[in-house]
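A.B. asks: Residue numbers (this note's numbering), protein chains in the order written: chain A, 1 to 268; chain B, 1 to 268.
Among the hints, a few may not be true.
Identical copies carry no separate label here, and so any pair may be met within one copy or between two of them.
Think about it this way: if two alpha-carbon atoms lie no more than 20 Å apart in a straight line, the pair counts; the simulated SDA-like pairs of lysine to any residue are [as the list claims (entries may be wrong)]:
hint, residue 1, residue 2
1, K56, T147
2, K56, R104
3, K232, H28
4, K56, S265
5, K232, R26
6, K232, Y30
7, K232, D242
8, K56, D237
9, K115, A137
10, K115, R142
11, K228, E50
Rather than coming from a laboratory, the hints here were simulated on the basis of the structure.
Since the structure is predicted, the reported quantities are computational estimates derived from the model, not experimental observations.
Number of protein chains: 2
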Amino acid sequence: MRPVERAQLAMMLEVTAYPKPGNVDRCHDYPETRLEHFLASTIFARAALEEAESGKGRIGEIIGHAVRDTSCHAGGNTHFGAFILLVPLLYGRDIPGAISAVSRTDTSDAVAFYKAFALTSVKMNATDELDVNDPGAIAAIRDRDMTLLDIMQHSAANDMVAREWVTGFRLVRRGADLLQELGPGRQSIVDAFMTLLATEPDTFIIKKHGSEIARETMLRARDVLDGKLSIKQLDEDCIQRDINPGSIADIIIASIFIALGEGWSWDS
Amino acid sequence: MRPVERAQLAMMLEVTAYPKPGNVDRCHDYPETRLEHFLASTIFARAALEEAESGKGRIGEIIGHAVRDTSCHAGGNTHFGAFILLVPLLYGRDIPGAISAVSRTDTSDAVAFYKAFALTSVKMNATDELDVNDPGAIAAIRDRDMTLLDIMQHSAANDMVAREWVTGFRLVRRGADLLQELGPGRQSIVDAFMTLLATEPDTFIIKKHGSEIARETMLRARDVLDGKLSIKQLDEDCIQRDINPGSIADIIIASIFIALGEGWSWDS
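Okay, chain A solo, but in the shape it has when bound (with noise of 0.2 Å):
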């Protein structure tokens, strides 16, 4: 299998692996943004994805490659964590390499980064000064020759996606060991999930609700984990209140993708 196809099949993996409390899967859609979205996207980011693989150009170009060619559906931005993570990770091969190609950033990645997120509906950090909409942020980080991994250094404290790059990607490589103990299959996604859902605060969540709401959503998944609630429950309750764990989702995306490129395997 090629990178690229392992990079296509882990999203396809993740989107369909139920039940995943509060987020898009094979038995729920939100009304803007469904199942064939997030499927659509994983055909059209191919060619993104491909240039990734490639190991030329630069991240922060390509990463905005992904960004567009995935937003020619209605259904907003499905990937763009996702992207963070798989592109220098397709771009290195594995982690050592990927954590090699984010050192490797420049301003010139910093800035096509920022533009791409501009197509993105994604508020990266609420409070940020780099505001995305400011269009004096560009210049500010032309001014303070900022490389992409300075951005995500910066955003790495309110964005659990970002904290990757500077981590080393503490939080895939541990998706993908889960993954490994586990064992093969399609529940094991399920399981990774809950239990990285259980163990980190997903700053989506607190993004959207506050860090409140993702310690108590975090408490909750450890109760389905302790049996004292069953997942199906979480679920819904999550969807009621709009409660999606939408960075924990892209972090199991970038585990699968290096889980099966260590031998994990999905189809069993």
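Fit chain B to the known structure of chain A by using the hints.
C.D. replies: Below, chain B alone, put in the same frame as chain A:
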């Protein structure tokens, strides 16, 4: 959208549409063949579909490549019939182009096709003297100087996918027209599928269960359209009896491909 993406999108949209009585869909797997297998094939078919999109090379070989590249999972043959339709449609760009492309097939296409066929577990025609498991079959094709179109002509009576090559993609056209009439969105895929199911005996059902069961399924689909039977009930009955209208699913994939190219919108 590139034609190759349209073909992949058609494969994805067909399999996720639900409920589709008796077939794998968003709500239903078979024990050996699951939603993920169909979606993985959608990803793995990319290279062969790009080859078809290029309009170069031999159609029989390209179908062979699609079958080979999508046989890397445990879900068995998922899209053999769909490739028989999608490859000439991509190659020729539209139905008139596909008619012209299939008319230009030769013996080398027929041989390559038979080799691909041997990779699958499909029985194209149980009573066929050109049995795919018979090593003499390829020699016979060469002796008789049969083209791939001749092979399809030979199989047309018993296989509605092969018949499309001979009838100028009549049902593919009808399915695309139905989609346009029914309007945008995924529900139209289910409705177009049900309309074909109510009017055409599915030859995949005939091969597996005989023509009486295919006829009965057709009449029951008619009952669903007439509001006398719920689609869920028909779905449950078909699943229980292992009645899966796989050939109509293949035709609907090609119909979605054509309809998307003519402006039909999946995304609403």
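A.B. asks: Which hint numbers doesn't this structure obey?
C.D. replies: When the structure is compared with the hints, numbers 4, 8 and 11 turn out to be violated.
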